[in-house]
Every structure is written in C-alpha cells, then in structure tokens.
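Protein chains: 2
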Amino acid sequence: MATIAPTTRLRKSPFYDSVMADGATSMMPYNQMMLPGGFGDPESEYRRLTEGVSMWDVACERQIQLQGPDAARLAQILCPRDLSKNVVGQGRYVALCNHRGTIINDPVLLKVADDCYWFSIADSDIGLWASSIAAERGLDVEVSEPDVSPLAVQGPKAADVVASIFGEWVRDLKYFAFADADLDGIALKVARSGWSKQGGFEFYLMDGSRGADLWNIVKEAGRPWGIGPGCPNPSERIENGLLSWGGDTDVHTNPFEVRLDRFVDLDVPDDVIGIHALRRIALEGPTRHQLGVVLDGDLPQPSHDQWYDIVVHGTKVGDMTNGTWSFKLERNIGFGLVSVNCNVGDHVQVHKSGNVIQGQLSPIPFTTA
Amino acid sequence: MATIAPTTRLRKSPFYDSVMADGATSMMPYNQMMLPGGFGDPESEYRRLTEGVSMWDVACERQIQLQGPDAARLAQILCPRDLSKNVVGQGRYVALCNHRGTIINDPVLLKVADDCYWFSIADSDIGLWASSIAAERGLDVEVSEPDVSPLAVQGPKAADVVASIFGEWVRDLKYFAFADADLDGIALKVARSGWSKQGGFEFYLMDGSRGADLWNIVKEAGRPWGIGPGCPNPSERIENGLLSWGGDTDVHTNPFEVRLDRFVDLDVPDDVIGIHALRRIALEGPTRHQLGVVLDGDLPQPSHDQWYDIVVHGTKVGDMTNGTWSFKLERNIGFGLVSVNCNVGDHVQVHKSGNVIQGQLSPIPFTTA
Chain A
29 MATIAPTTRL
39 RKSPFYDSVM
49 ADGATSMMPY
59 NQMMLPGGFG
69 DPESEYRRLT
79 EGVSMWDVAC
89 ERQIQLQGPD
99 AARLAQILCP
109 RDLSKNVVGQ
119 GRYVALCNHR
129 GTIINDPVLL
139 KVADDCYWFS
149 IADSDIGLWA
159 SSIAAERGLD
169 VEVSEPDVSP
179 LAVQGPKAAD
189 VVASIFGEWV
199 RDLKYFAFAD
209 ADLDGIALKV
219 ARSGWSKQGG
229 FEFYLMDGSR
239 GADLWNIVKE
249 AGRPWGIGPG
259 CPNPSERIEN
269 GLLSWGGDTD
279 VHTNPFEVRL
289 DRFVDLDVPD
299 DVIGIHALRR
309 IALEGPTRHQ
319 LGVVLDGDLP
329 QPSHDQWYDI
339 VVHGTKVGDM
349 TNGTWSFKLE
359 RNIGFGLVSV
369 NCNVGDHVQV
379 HKSGNVIQGQ
389 LSPIPFTTA
Chain B
29 MATIAPTTRL
39 RKSPFYDSVM
49 ADGATSMMPY
59 NQMMLPGGFG
69 DPESEYRRLT
79 EGVSMWDVAC
89 ERQIQLQGPD
99 AARLAQILCP
109 RDLSKNVVGQ
119 GRYVALCNHR
129 GTIINDPVLL
139 KVADDCYWFS
149 IADSDIGLWA
159 SSIAAERGLD
169 VEVSEPDVSP
179 LAVQGPKAAD
189 VVASIFGEWV
199 RDLKYFAFAD
209 ADLDGIALKV
219 ARSGWSKQGG
229 FEFYLMDGSR
239 GADLWNIVKE
249 AGRPWGIGPG
259 CPNPSERIEN
269 GLLSWGGDTD
279 VHTNPFEVRL
289 DRFVDLDVPD
299 DVIGIHALRR
309 IALEGPTRHQ
319 LGVVLDGDLP
329 QPSHDQWYDI
339 VVHGTKVGDM
349 TNGTWSFKLE
359 RNIGFGLVSV
369 NCNVGDHVQV
379 HKSGNVIQGQ
389 LSPIPFTTA
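Quick note, the sequences are listed as chains A and B, same order. Numbering-wise (my numbering), the first sequence opens with residue 29 and increments by one. Numbering-wise (my numbering), the second sequence opens with residue 29 and increments by one.
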C-alpha cells in the first residue's frame with residue numbers, strides 16, 4: 029500500500045505527533061484529517077480494548093457548532109428525531125438525512141447550552157450542509173467548526189483510568205452525558221461515549237495546542253491499568269454491530285435499512301429535512317436490510333477496502349460492505365446490505381477479488397455459536 | 029509517513045490498479061478517492077510534464093451532474109459568474125461560493141446539454157451542497173455523481189499523443205472545450221483542459237469498468253513521445269500560479285484574495301448564492317491577497333503538509349499555504365496568503381517546523397530572476 033503524500037488539504041490532529049511517536053503504522057482520511065488505522069499488532073489492540081483499556085486519537089470526529097438564537101430550531105430541522113426533551117449536558121445519537129431520507133451522517137448531537145449545539149460528526153461535510161440550510165431558511169445562527177478534538181479512552185478498565193484522572197463523579201455520567209472539566213489548565217468536556225461497545229469516555233479537548241499534554245497525562249494515568257494506543261477497531265465494532273457511515277452505507281441508504289429505526293421519530297414537525305420521505309419509506313418498507321455475514325474458513329482474510337457482491341443462486345442480492353477477522357468468533361465476519369428477501373440463516377456466496385467464499389447470513393450483533 | 033489503512037470509505041479509481049502497477053509510491057485522499065502523489069522520482073516527473081508528456085489518474089476530480097428542466101437555473105444560482113452565454117461543449121472555470129462569499133470549490137463547469145451540466149470539482153462535497161440548494165429552492169433538477177472518471181494527458185507533447193489516438197480534430201479544441209468520442213467501444217468526452225500550464229487534455233471516462241483499457245491505450249499510444257505516469261505536480265503548478273482549493277484557501281477565503289476576480293461577475297442575478305457578500309467585499313476590498321514567496325537557500329525543503337506563519341518584524345502577516353522545490357528557479361517557492369499591506373519585494377520570515385527561513389514576496393506566476 030502506498031504512503032500518504034504530503035498535502036495541506038489534510039489536517040494534522042493535535043495528537044498526531046504523539047500517535048506517530050507511539051507507533052501508528054497506518055492512517056486513513058476522515059473529515060480532512062488523519063485517523064490512525066493501527067499500531068502494527070491487531071490482536072493486541074483488540075485484547076487491550078476488550079479486556080483492558082485503550083486510548084484513541086479521534087480528533088477527526090470534528091464538532092460542527094450551531095450557535096445563536098435559532099440554534100435549537102436548526103438542530104431540529106436537521107434531525108429526524110424529536111429533540112424537544114433534550115437537556116444541556118446530554119448527547120443523542122441522530123441520523124441526519126437529506127431531503128430524500130438518505131442518511132448523510134450519523135453524529136452524536138451534544139446540547140452544550142440552550143443556544144449552542146455540537147454535532148460530533150462522522151466523515152462528511154455537515155458544516156457545509158448545515159450552513160446551507162441555515163442561510164436558505166434565513167435562520168439567525170452561526171455554523172462553525174470550533175477548535176475541539178476528541179480523545180477516546182475505551183475498554184472495561186476505562187472508567188478506572190478516567191476516575192483516577194477526574195474523580196469518582198465520572199462514574200455517574202450516563203451514556204452520552206458530558207460535563208466541563210479542567211486538567212492542569214487544559215479546558216475540555218468529559219463525555220461518556222465512544223465508538224466501541226466496551227464502555228468508555230471521550231475527552232473533548234478545547235485547545236488544539238495542548239494535544240500532546242493531554243495525550244501524555246492520559247498515557248501516564250493509565251499506566252497501572254496497562255493502557256496503550258489504539259483506534260476504532262474493525263473486529264470489535266463489527267462483532268458488536270456498530271455502523272460505519274459511508275463505509276456501510278451508500279448514497280441511497282435510509283435509516284430503516286441499517287437498524288436505525290429507533291432513532292427516527294416520524295412525528296417531528298413537517299419542516300424537518302427528509303421527514304416526508306422517511307414517512308413514505310416507513311409506510312412502504314425498505315427494500316434492503318443489514319444482516320451479518322459469517323464466512324467459511326478459519327484463516328483471516330484481508331480487511332475490506334471495497335464492497336463485494338453477495339450472491340445467491342447466481343443472482344446478486346446485495347453487498348458485503350465491510351468485513352474483518354473476528355477474534356471472538358474466530359471467523360471472518362462482516363455486514364451485508366441485502367435484499368429484504370434475504371434472511372438470517374441463508375447461505376450466500378461472497379465474490380471477493382475474484383474468489384468465491386461461502387458464507388451464511390446471521391443476526392447483528394453476532395452471537396457465538 | 030504511515031501507509032493508508034484499508035477502508036471502504038475511500039473509493040478506488042478505475043485507474044487504481046494501473047497506477048499501482050506503474051509504480052505510484054504515495055497517494056492522497058481527494059473526494060473520498062485516492063489521488064496519486066508521486067512515482068518516486070520528482071525531478072523526472074517534472075521534466076516529463078514540462079518537456080514531454082505525462083499521464084495522470086485524476087478520477088478523483090469527480091463530476092457533479094445537474095440534470096432536468098431547472099439544471100441551468102441551479103447552475104447559475106451556484107455560480108457567481110454570468111453563464112447566460114454558455115454553450116454546449118464549452119467548459120468554464122468558476123468559483124463556487126457560500127452565502128458569505130467564501131469559496132467552497134473551484135470547479136470547471138461543463139455544459140453537457142441544455143438540461144445537463146457537470147461540475148468537475150475540487151476536493152469538497154459539492155454534491156451535498158447542490159442537492160441541498162436544489163431541494164430548498166424547490167427546483168426540478170436531479171443532482172447526482174455519474175460514473176465519470178477523468179484521465180489527464182499533460183505536457184507540450186500531449187497534443188501529438190492525443191491527435192494520434194483521436195485524430196487531428198482535437199488540435200482545434202479551444203481551452204475548456206470538449207467533445208464526445210469513442211475509443212474501442214469506450215465512451216468518453218475529450219476536453220482541452222488539465223491542472224497544469226503545459227497544455228493538454230482530459231479524457232472523461234464514462235464507464236468505470238474500462239479504466240485499465242483506457243490507461244493501456246494511452247500508455248501505448250504515447251510511447252513514441254516517451255509518455256510516463258505522473259500526477260498534479262507541486263513544482264509546476266506553484267511556478268505557474270495554479271490555485272489548490274482547500275490547500276491554499278481556508279474557511280474565510282474569498283475569490284478576490286486569491287486572484288480570481290476575473291471569474292466573478294458582480295451583475296449576476298440577486299438569487300445567486302454569495303453575490304451580496306461578494307459585492308460588499310469588492311466595494312470594501314479584501315484584507316488579504318495571494319503573493320509568491322521565494323525562500324533563501326538552494327537545497328530542497330520538504331513539501332508542506334501544513335500552513336506556516338509568515339512574519340515581518342516579529343508580527344504574523346499571513347500564512348505560507350504551500351511550498352515546494354522549484355526545478356525552474358532552483359529555489360524553494362510557495363504561495364503566501366498575506367495582509368494587503370504586504371507587497372512584492374518585502375522581506376519576510378517563514379516559521380517552518382521550528383526553523384526560521386528568510387524569504388521575499390514575489391509576483392505570481394513566478395519569474396526567473
């Protein structure tokens with residue numbers, strides 16, 4: 029694989045020098061920033077996340093801030109989920125859709141103040157989208173990307189590490205709740221969140237010049253629990269059914285196809301973008317759904333860098349959107365975005381780089397046999 | 029530098045296997061696709077482009093298509109440039125702006141038919157932007173990204189190569205003009221365009237499955253002229269003053285700051301996005317402008333992967349946005365986005381990775397002393 033060519037179109041994370049010094053071997057672009065893709069030892073990284081504690085540079089999870097008198101109104105217009113009971117200090121997972129009901133991002137929305145919201149975004153330009161809608165609807169709101177860069181601490185021992193840094197109060201934070209904190213003069217927000225199912229926290233660093241300081245504090249504090257560097261883990265996230273927007277979705281995917289039904293409220297106001305389309309899709313039913321795929325064979329396949337056809341009796345029924353070696357199942361597993369005529373238990377063939385691999389559709393999250 | 033981690037969020041170009049086989053050593057993300065960043069021998073690549081002929085995978089230069097009864101109307105709404113005299117078969121360089129007059133992309137707009145336009149875009153999500161505006165204004169137009177992938181042939185011998193493939197008629201194409209063509213059953217458009225000042229063509233491949241076929245035809249046809257692989261060349265493009273949107277611009281840059289005045293028509297209709305802001309900025313005058321920077325020293329500096337402060341008498345006056353070794357000037361040169369109080373000839377200091385480098389502001393394009 030080629031290296032990443034130098035370009036000023038790709039921004040460095042405040043933690044970039046730290047993760048390089050700690051041995052990042054690959055990177056991937058995400059919101060015009062580089063997200064570490066691994067540190068050279070996939071199994072140790074998986075074990076650290078699922079049995080201990082891992083620290084991640086997820087600065088690329090940028091914040092799109094809505095601020096001003098119409099911030100709450102714009103947030104609701106952008107989200108097909110009822111935000112009327114949202115409170116300051118609580119985040120919510122939302123499926124942002126375009127006017128056709130296609131998902132264009134799946135951020136966590138943080139209500140920072142009555143007149144200030146942050147979308148903690150996946151990999152698409154929600155700043156461009158939100159500023160377009162704000163201007164076209166004549167709303168009194170400022171859309172910006174503030175200097176905020178999350179660092180995640182994930183794993184069953186994450187709470188111990190984070191409590192040792194900030195105090196026992198962090199254990200009482202509910203999922204997606206967040207609170208202001210100060211660490212040796214570094215302003216941040218501490219949130220109970222992160223892109224794994226192992227539990228953990230994200231520190232929203234609010235001063236990019238302090239990235240190395242924060243990294244080092246966490247690294248030092250986590251030492252007794254064996255903390256080490258990591259990144260969003262393909263094996264752990266697929267085993268546990270976490271969606272990668274843009275990786276597991278295409279330009280036609282609606283929330284109902286990818287198990288996000290419960291994050292859509294069809295009774296939001298009529299001016300919410302995409303709600304008319306979503307009501308129609310809900311009525312008619314989606315044509316595809318997301319199921320697990322378990323492949324035959326007990327040797328790791330290379331991870332996906334493209335979608336592969338899923339075929340039944342010679343006919344394409346969908347795509348295997350991502351796949352990885354599961355350390356828990358000791359099988360290659362992945363996500364299928366397949367026709368609703370396909371069901372759990374169906375035998376399928378995956379056409380991967382000229383090879384045909386036998387497999388079977390399964391529930392998500394995956395269950396050990 | 030780290031390698032690129034496998035991810036399905038980054039698409040492969042139809043020419044990907046060909047450029048890897050031909051020795052691409054680095055890649056950079058561009059519109060969720062990989063753009064080659066070099067083939068291991070910068071000087072040969074520069075000489076090939078400026079003295080011979082070079083072929084480039086620029087599939088990442090995606091096309092955003094507007095199709096339908098309101099396509100022309102939407103194109104004009106998005107462009108602060110008068111399109112009323114546009115004809116089918118002719119492209120135009122345009123500076124797309126947001127409602128504040130900030131440049132959000134600088135594509136070539138191709139009028140494909142009376143009801144069909146393509147924006148051949150730089151690295152930002154104009155599909156998302158255009159579809160938002162279309163829906164918000166209730167226009168009858170379909171916004172999509174068709175299966176179209178440009179391959180560029182650039183250099184003083186490009187016309188000879190392209191004429192040998194398609195016939196002598198290609199020599200009569202005006203700059204940014206394009207025409208349909210067919211090559212062994214491969215549908216494409218041949219355009220007189222490309223991101224260099226050496227002259228050349230771009231083939232808009234209209235069937236992604238034929239990438240390797242097209243690559244091989246061009247490679248074979250160009251053999252008598254010594255064609256070889258290349259990519260947008262930092263040295264050539266900076267010497268000749270070509271702007272890299274997103275690399276040389278930030279979230280505040282307007283067209284007047286970066287020498288694009290002549291592509292803005294202030295008398296376009298009032299419903300054109302950003303026109304009110306642009307009229308105000310034109311009246312008040314911009315606060316920054318783009319000048320060249322020539323650094324002292326005759327050894328190549330590393331290319332930029334971030335902006336560096338430009339300082340005069342201890343005060344920051346702007347940023348050096350990109351810099352590279354110039355094979356023509358045998359100096360390190362680059363672009364400065366600096367206060368309008370700075371002028372050609374001013375002595376400046378560039379603070380690059382802890383070093384202070386002396387330099388002087390210069391005209392763009394650069395002139396040999």
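These are computed hints drawn from the structure, not numbers from a lab. Source: prediction; values computed, not measured. Hints are not guaranteed to be accurate.
It does not matter which identical chain is used: a pair holds within one copy or between any two.
Unchecked claim - Pairs of lysine-lysine residues, derived as BS3-like cross-links and limited to a Cα-Cα distance of at most 25 Å, are as follows:
| # | residue 1 | residue 2 |
| --- | --- | --- |
| 1 | Lys380 | Lys247 |
| 2 | Lys380 | Lys113 |
| 3 | Lys217 | Lys380 |
| 4 | Lys356 | Lys217 |
| 5 | Lys247 | Lys344 |
| 6 | Lys344 | Lys113 |
| 7 | Lys344 | Lys40 |
| 8 | Lys247 | Lys113 |
| 9 | Lys217 | Lys202 |
| 10 | Lys225 | Lys380 |
| 11 | Lys113 | Lys217 |
>> As a check of your reading, is Lys217 near Lys380 (CA-CA no more than 25 Å) within one copy, between copies, both or neither?
In response: Classified as neither; 43 Å inside a copy, 32 Å across copies.
>> If the cut is 25 Å between Cα atoms, do Lys380 and Lys247 qualify within a copy, between copies, both or neither?
In response: Neither. Shortest intra-copy (40 Å) and inter-copy (29 Å) distances fail the 25 Å Cα cut-off.
>> My question is about Lys113 and Lys217: at a cut-off of 25 Å on alpha-carbon distance, are they close within one copy, between copies, both, or neither?
In response: This pair counts as within: shortest intra-copy Cα distance 22 Å, inter-copy 54 Å.
> Between the shortest in-copy and the shortest cross-copy C-alpha distance, which are at most 25 Å for Lys217 and Lys202: within, between, both, or neither?
Replying inline: Cα proximity of Lys217 and Lys202: one copy only (14 Å, versus 56 Å across).
>> As a check of your reading, is Lys247 near Lys344 (CA-CA no more than 25 Å) within one copy, between copies, both or neither?
In response: neither (48 Å within a copy, 35 Å between copies)
>> Within a copy, between copies, both or neither: which one fits Lys356 and Lys217 at a CA-CA cutoff of 25 Å?
In response: neither (33 Å within a copy, 50 Å between copies)
> 25 Å Cα cut-off: does Lys344 pair with Lys113 within a copy, between copies, both or neither?
Replying inline: Neither, since 44 Å and 47 Å both go past 25 Å.
>> Treating 25 Å as the Cα threshold, decide for Lys247 and Lys113: within, between, both or neither.
In response: For Lys247 and Lys113, the Cα distance exceeds 25 Å both inside one copy (37 Å) and across copies (62 Å).
>> Within, between, both or neither: how does the pair Lys380, Lys113 come out at a Cα-Cα threshold of 25 Å?
In response: Classified as neither: same-chain Cα gap 46 Å, cross-chain 49 Å, threshold 25 Å.
>> One pair to classify: Lys225 and Lys380, alpha carbons no more than 25 Å apart. Within, between, both, or neither?
In response: So Lys225 and Lys380 fail the 25 Å test inside a copy (28 Å) and across (41 Å) alike.
>> Within, between, both or neither: how does the pair Lys344, Lys40 come out at a Cα-Cα threshold of 25 Å?
In response: For Lys344 and Lys40, only the inter-copy Cα distance (21 Å) is at most 25 Å; the intra-copy one is 41 Å.
Violated hints for the displayed structure, listed by number in ascending order: 1, 2, 3, 4, 5, 6, 8 and 10.
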